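Protein sequences, first through last, are from chains D, V and G.
At position 23 of the first sequence the residue is numbered 23 (my numbering), and the sequence of numbers has no breaks.
At position 35 of the second sequence the residue is numbered 35 (my numbering), and the sequence of numbers has no breaks.
At position 88 of the third sequence the residue is numbered 88 (my numbering), and the sequence of numbers has no breaks.
Think of the hints as simulated: they come from the structure by calculation, not from any bench.
Hints may be right or wrong, so weigh each one.
25 angstroms max Cα-Cα, derived DMTMM-like pairs, lysine to aspartate or glutamate [stated by the list, open to error]:
1) V/2 to G/48
2) G/20 to D/27
3) V/3 to G/3
4) V/9 to D/10
5) V/9 to G/16
6) V/3 to D/40
7) D/32 to G/3
8) G/20 to D/47
9) D/2 to G/48
10) V/12 to G/62
11) G/13 to D/40
12) V/3 to D/28
13) G/4 to V/49
14) D/36 to G/48
15) G/55 to D/28
16) D/32 to V/10
17) G/20 to D/40
18) G/4 to V/90
Given the structure is predicted, the values throughout are model-derived calculations rather than measurements.
Listed below, chain by chain, are the residues.
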Amino acid sequence: MKVLHLLRSEPDETVERLISVMADDADETTVKPLFKGDVDWSRLVDEIFSNDKVISWW
Amino acid sequence: MKKVAVVIKDIKQQYEGLQVSLGALLDNVEIQMFVLNHEIENMDEAYHDNMEFLDEMEGERFSNNSANVEKYGFVHVTLKDTAKKLNAADLVIPF
Amino acid sequence: MSDKLGIVAGTDKHLDWVIKLADAAHVKGKKVEIFFTGFGVNLTQRPEFEQLVGKANLSVCDLSFRALGLTGDVPGVGFKDFTTQAKNAEMLNECDRYIVF
Numbered sequence: 001m002k003v004l005h006l007l008r009s010e011p012d013e014t015v016e017r018l019i020s021v022m023a024d025d026a027d028e029t030t031v032k033p034l035f036k037g038d039v040d041w042s043r044l045v046d047e048i049f050s051n052d053k054v055i056s057w058w
Numbered sequence: 001m002k003k004v005a006v007v008i009k010d011i012k013q014q015y016e017g018l019q020v021s022l023g024a025l026l027d028n029v030e031i032q033m034f035v036l037n038h039e040i041e042n043m044d045e046a047y048h049d050n051m052e053f054l055d056e057m058e059g060e061r062f063s064n065n066s067a068n069v070e071k072y073g074f075v076h077v078t079l080k081d082t083a084k085k086l087n088a089a090d091l092v093i094p095f
Numbered sequence: 001m002s003d004k005l006g007i008v009a010g011t012d013k014h015l016d017w018v019i020k021l022a023d024a025a026h027v028k029g030k031k032v033e034i035f036f037t038g039f040g041v042n043l044t045q046r047p048e049f050e051q052l053v054g055k056a057n058l059s060v061c062d063l064s065f066r067a068l069g070l071t072g073d074v075p076g077v078g079f080k081d082f083t084t085q086a087k088n089a090e091m092l093n094e095c096d097r098y099i100v101f
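Work out the full structure: start from the sequences and follow the hints.
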């Protein structure tokens, strides 16, 4: 399973731990820190639909 | 039936997250609600009634906060187990 | 190819992201559904909100809207689009991808 993690803010320990453990069972994990800006929104749409699961963390 | 995990970490979203969980249950979605890190801030009548309704509708509720487990009957879960359950869900909604 | 994107705005922090993502998805021919709930209903009061009209189907949680003391018309949101959490549940079931901002 391909999983895309979107970060709305700097991840705290909880988010880092959840992503880390989830990644153990995923075939592919991508983390996109939206809060850092400079987002290619067109590319992000492609990534949202090419991944099996998308999670937008706090 | 879709399996959805509602994950609530922000104290201010505890009630909203419960409402979202209930709404989904009524539309034939399987719900697992996780309240992470914090005790339920305002266990008023509305939250309590809605929480009981969630139980009656066979929604599941978990928490890694021991007060929620001891006082309000949440099933204890570690962050590691939470992550495993999130992997098994079709959709994960952080609230 | 999956083609329906659901966006739920549950906070009032990221209207610019909602607009940019909806715009990019719309350009790529995706159907976009946006539901404003909780503090997210505050976004309906911002001038930029109008940029979403025509790019997505917009709906607003009526309970949240009234609870936050909001009144009046919202661009692109008709009477029937002031709705309940049932709309959110419908999106959970129908959308191919579901994003929370």
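Cross-check of the supplied hints:
1. V/2 to G/48: violated (34 angstroms)
2. G/20 to D/27: Judged against 25 angstroms, a Cα distance of about 29 angstroms means the pair is violated.
3. V/3 to G/3: holds (20 angstroms)
4. V/9 to D/10: Holds - the C-alpha atoms of residue 10 of chain D and residue 9 of chain V are around 14 angstroms apart, at most 25 angstroms.
5. V/9 to G/16: Roughly 23 angstroms separates the two Cα atoms, so the pair holds.
6. V/3 to D/40: violated (30 angstroms)
7. D/32 to G/3: Cα-Cα ~21 angstroms, so holds.
8. G/20 to D/47: holds (15 angstroms)
9. D/2 to G/48: violated (34 angstroms)
10. V/12 to G/62: Holds. Residue 12 of chain V to residue 62 of chain G sits at ~19 angstroms (cutoff 25 angstroms).
11. G/13 to D/40: Satisfied, since the Cα-Cα distance of roughly 19 angstroms is no more than 25 angstroms.
12. V/3 to D/28: holds (21 angstroms)
13. G/4 to V/49: violated (34 angstroms)
14. D/36 to G/48: Distance ~22 angstroms between residue 36 of chain D and residue 48 of chain G Cα, so the pair holds.
15. G/55 to D/28: violated (31 angstroms)
16. D/32 to V/10: Between residue 32 of chain D and residue 10 of chain V the Cα gap is close to 21 angstroms, so the pair holds against 25 angstroms.
17. G/20 to D/40: holds (9 angstroms)
18. G/4 to V/90: This hinted pair holds, its Cα atoms lying about 16 angstroms apart.
Violated hints for the displayed structure, listed by number in ascending order: 1, 2, 6, 9, 13, 15.
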